[in-house]
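Student: For reference, the chains in residue letters:
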Amino acid sequence: MKGSELISHAKNTWCPGCGNFIVQHALKEVVSDLGSEGYPVENVILVTGIGQHAKIFDFMNLNGFYSLHGRTIPVATGIKLANPGLKVLCIAGDGDCYAEGIEHLIFAAKRNVDITVMVNNNRVYGLTTGQFTPTSPYGFHGRSTPKGEKENPLNPLDLVLSSGATFIARGYTGRREQLKFLLHEALLHKGFSFIDNLQVCATYCNLTDYYNERVYDWDAGSSGDYQAAHKRARGWDYTADTRIGLGIMYQHGAPTYEEGYPVPVALSEEGRGQAIRKFLDSRL
Amino acid sequence: MDIHEVSVLIGGRAGDGVASSGQVVAQILAHMGYRVHMYFDYPSLIKGGHNFAIIRGAERPVGAVRDKVDFILALNQETIELHRGKLGRGGVIICNGDIASHPGAVQVPIGSILKNEQAPTVMGNSAIIGAFLKAAGIDWNIAEEVFWNALMKETVQNLRVAWQAYDAADVRMAVKEITDHRHPVMTGNEAIGIGLLEGGVTMYFAYPMSPTSNLMHFFAAKADEFQIRVVQPESETAGILMALGCSYAGVRSAIGTSGGGFCLMTEALGLSGIAELPLVIVLGQRAGPSTGLATYTAQSDLLFALNAGHGDFPRFIVAPGDTTEARTWSRLATAFAWKYQVPSIILPDKIVCEGLYSIDPDFSIDCHPEPIMADPGVRPYMRYQLTESGISPLRFPPSVGDWIKVNSHVHDTDGITTEEPEVTRTMADKRNNKIAGLREELEGLHPVEVSGNTNSDGALLTWGSNKGACDEVGKLLDLRVIRPVVLCPFPERSFANAMTGVRRFYSVESNETGQLARLVSQFGYRASGLVLKYDGRPFTIEELTARVREAIS
Chain A
1 MKGSELISHA KNTWCPGCGN FIVQHALKEV VSDLGSEGYP VENVILVTGI
51 GQHAKIFDFM NLNGFYSLHG RTIPVATGIK LANPGLKVLC IAGDGDCYAE
101 GIEHLIFAAK RNVDITVMVN NNRVYGLTTG QFTPTSPYGF HGRSTPKGEK
151 ENPLNPLDLV LSSGATFIAR GYTGRREQLK FLLHEALLHK GFSFIDNLQV
201 CATYCNLTDY YNERVYDWDA GSSGDYQAAH KRARGWDYTA DTRIGLGIMY
251 QHGAPTYEEG YPVPVALSEE GRGQAIRKFL DSRL
Chain B
285 MDIHEVSVLI GGRAGDGVAS SGQVVAQILA HMGYRVHMYF DYPSLIKGGH
335 NFAIIRGAER PVGAVRDKVD FILALNQETI ELHRGKLGRG GVIICNGDIA
385 SHPGAVQVPI GSILKNEQAP TVMGNSAIIG AFLKAAGIDW NIAEEVFWNA
435 LMKETVQNLR VAWQAYDAAD VRMAVKEITD HRHPVMTGNE AIGIGLLEGG
485 VTMYFAYPMS PTSNLMHFFA AKADEFQIRV VQPESETAGI LMALGCSYAG
535 VRSAIGTSGG GFCLMTEALG LSGIAELPLV IVLGQRAGPS TGLATYTAQS
585 DLLFALNAGH GDFPRFIVAP GDTTEARTWS RLATAFAWKY QVPSIILPDK
635 IVCEGLYSID PDFSIDCHPE PIMADPGVRP YMRYQLTESG ISPLRFPPSV
685 GDWIKVNSHV HDTDGITTEE PEVTRTMADK RNNKIAGLRE ELEGLHPVEV
735 SGNTNSDGAL LTWGSNKGAC DEVGKLLDLR VIRPVVLCPF PERSFANAMT
785 GVRRFYSVES NETGQLARLV SQFGYRASGL VLKYDGRPFT IEELTARVRE
835 AIS
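Read top to bottom, the protein sequences are chains A and B.
Residue numbers for the first sequence follow our numbering, beginning at 1 and rising by one.
Residue numbers for the second sequence follow our numbering, beginning at 285 and rising by one.
Derived from the structure by calculation, the hints contain no laboratory data.
Check before you lean on any hint, since a few could be wrong.
Said to hold, decoys possible - Chain B regions said to be covered by chain A (calculated; three or more residues, Cβ under 8 angstroms):
#	region
1	307-315
2	533-541
3	575-588
4	648-656
5	670-683
6	797-809
As the list claims (entries may be wrong) - Straight-line C-alpha distance at most 25 angstroms; calculated DSS-like pairs for lysine-lysine:
#	chain 1	residue 1	chain 2	residue 2
7	A	Lys278	B	Lys437
8	B	Lys352	B	Lys370
9	B	Lys331	B	Lys460
10	B	Lys506	A	Lys278
11	B	Lys437	B	Lys506
12	A	Lys231	A	Lys110
Using N, Cα and C, we set each Cβ at its ideal position, and we do this for glycine too.
All chains should be built: construct the whole structure from the sequences, respecting the hints.
Tutor: Here's what the structure looks like:
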């Protein structure tokens with residue numbers, strides 16, 4: 001299937017210059033490529049939260065579940081457990097996934113459930129018009145913090161690494177080809193894969209120049225080294241004026257959650273009846 | 285007292301195995317043809333504290349206990365001190381003679397029996413049960429049969445321990461066999477589990493919480509036999525969303541919790557409503573609000589279950605009153621959730637969840653709703669296709685050439701978000717239209733049970749576990765007993781039939797405000813009085829009799 005066929009008829013309502021367009025086109029191309037690599041498009045399930053990121057659900061011709069704010073991951077886990085043959089991708093927001101839904105992120109990483117989570121981290125609430133999120137820079141002047149936010153940002157890469165994720169990457173909407181590559185690799189990774197995607201918000205938090213001056217690529221050769229990954233994760237704390245690494249931060253193989261919970265053999269009505277009768281007999 | 289009726293109290297410290305010993309006693313009575321109910325009372329702690337169970341057996345179905353008992357099986361002295369006042373005339377105390385005593389009691393030398401058999405301390409309970417069997421004049425063969433059925437391990441040694449005590453004790457009061465027609469004994473949690481399996485459930489999600497934790501444990505212990513997966517998520521919020529993910533993929537699951545966990549689930553309950561994703565919730569009630577009494581009963585979540593979640597959406601709620609109802613209605617709750625694509629809530633309370641009841645293994649409601657599936661040839665597939673019934677045919681991913689989209693926003697027939705007023709109204713009507721079909725189907729299934737003197741113009745209105753006490757007290761006081769089993773959509777027609785000729789009715793409920801009475805008042809029925817109990821404990825027969833007499837006078 002051609003990528004253009006994956007764009008739906010729904011009217012696009014993102015602001016001009018929004019990083020979400022880059023995400024949409026990267027996704028379109030990756031899903032199209034996966035189709036020619038033997039992963040049919042109907043096996044892909046897109047799960048979104050609530051926020052500007054989530055509108056991609058409407059704009060794509062893909063199977064999907066438009067969930068609640070912060071609640072992509074448990075839905076995706078349920079889908080994957082129900083049918084491990086599906087490729088389940090969560091596209092979430094930073095307000096969405098790092099605030100209200102953070103428990104699910106930690107536990108998905110801990111379980112190593114074979115789903116992909118990409119957080120479009122624009123570091124501001126867009127849909128609710130400009131409040132600070134868990135990853136907004138210290139001192140962020142938002143509509144709820146006119147005098148500047150007084151909380152340090154969360155470092156999602158550090159958190160996800162220590163929670164047990166087996167694929168961790170950082171992308172940037174200013175590097176579309178790399179983002180495509182990361183998404184492709186994440187979807188093919190067996191186990192929990194996570195991308196923190198630095199996404200530009202053209203209206204409330206435009207950090208294009210800031211990112212362009214600081215981003216560099218991590219060495220692709222050492223992504224299997226946990227200690228090196230730890231250093232990379234802490235290389236930028238989402239506030240300090242340091243260089244910002246991009247690429248695959250960490251990747252290693254480990255048994256997945258759903259391998260430990262294989263789909264049950266469907267019992268025939270007779271088989272189920274026998275199991276129930278056996279139980280009833282034990283209660284006489 | 286009915287000749288063919290017996291009550292046994294067994295008590296000890298938490299961790300002494302009171303519940304499992306109570307179950308063995310219940311199975312012994314079941315083996316002798318009794319219909320059985322066991323009430324299990326325990327505080328919220330792991331070791332120490334006092335646990336007790338009262339097992340009542342009678343000729344007819346029972347679902348409540350009496351004030352008095354015939355036997356007290358005391359695993360410690362405290363049990364005697366706390367409960368000897370409950371001993372009826374001619375009653376017998378059987379105790380561990382090493383640590384407890386009472387004038388006239390059957391004192392079992394448990395320590396020396398265990399030493400003779402080189403058995404671990406925990407087998408002391410088998411000795412008490414052995415002594416009980418002898419004191420009650422029960423044939424030893426019954427012990428053999430029940431022990432083999434009930435005990436998973438070390439059956440031979442347990443039987444040797446029980447035999448030593450049986451041999452040493454003497455007959456005090458003869459408990460007679462009444463029939464060889466036997467009914468198996470199980471908890472409501474287990475019966476719900478069986479019903480869910482019969483409804484096709486293959487996944488169960490639960491965050492631990494009394495009184496439904498034992499349903500999770502039951503499924504987990506039988507995961508291979510029943511081919512069911514049990515997942516313990518990070519929270520109730522996660523559990524309900526995982527279940528919705530399963531529904532989207534076409535796999536039947538269920539989730540279990542109590543009021544506090546259900547509070548967390550309400551966010552996603554509405555998602556089930558608007559996205560029209562089938563969902564089955566077992567909401568075992570306990571005393572609230574908040575943490576309340578963690579291990580004691582209440583029926584105070586009816587109005588919450590009816591109204592949980594913001595916005596309007598259809599739902600199905602059923603409150604089984606015993607194991608027989610729990611099994612068949614749990615199957616139906618699953619089937620209705622999948623046919624009508626709505627959330628189903630099974631609403632027992634702690635008494636039903638953790639109490640033992642004889643089950644009628646052959647009883648079933650002959651109704652087998654099936655999900656409505658999209659015809660394989662139909663293209664393009666529309667997940668929210670408009671139909672007269674309001675039910676959109678289902679199709680599950682992966683499906684070549686289809687985009688199967690479900691959405692928490694107001695959406696069009698393709699599942700794509702919309703804010704158009706016309707579509708908004710149409711979709712609300714579509715969801716709402718499902719209620720009429722569901723209600724019509726329910727009206728034919730005896731959704732309102734009537735017992736007692738069905739001609740009486742005075743009635744007891746009740747629901748859930750109070751079935752047991754009300755059925756007996758209704759008979760005793762010559763009152764009609766009206767009990768809606770289905771609470772949503774409210775079966776107005778069946779209720780009106782049940783109420784025909786009733787001039788006064790009193791609502792018997794385990795809550796502070798009479799929640800069922802408030803519900804039926806919406807349909808124009810005003811209770812003459814409320815008979816409420818909200819101390820965490822169930823009504824005994826005698827207590828309810830007195831309270832109803834007082835209310836009527």
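Student: Which of the numbered hints are not met once you compare them with the structure shown?
Tutor: Hints 3, 4, 6 and 9 not satisfied by this model.
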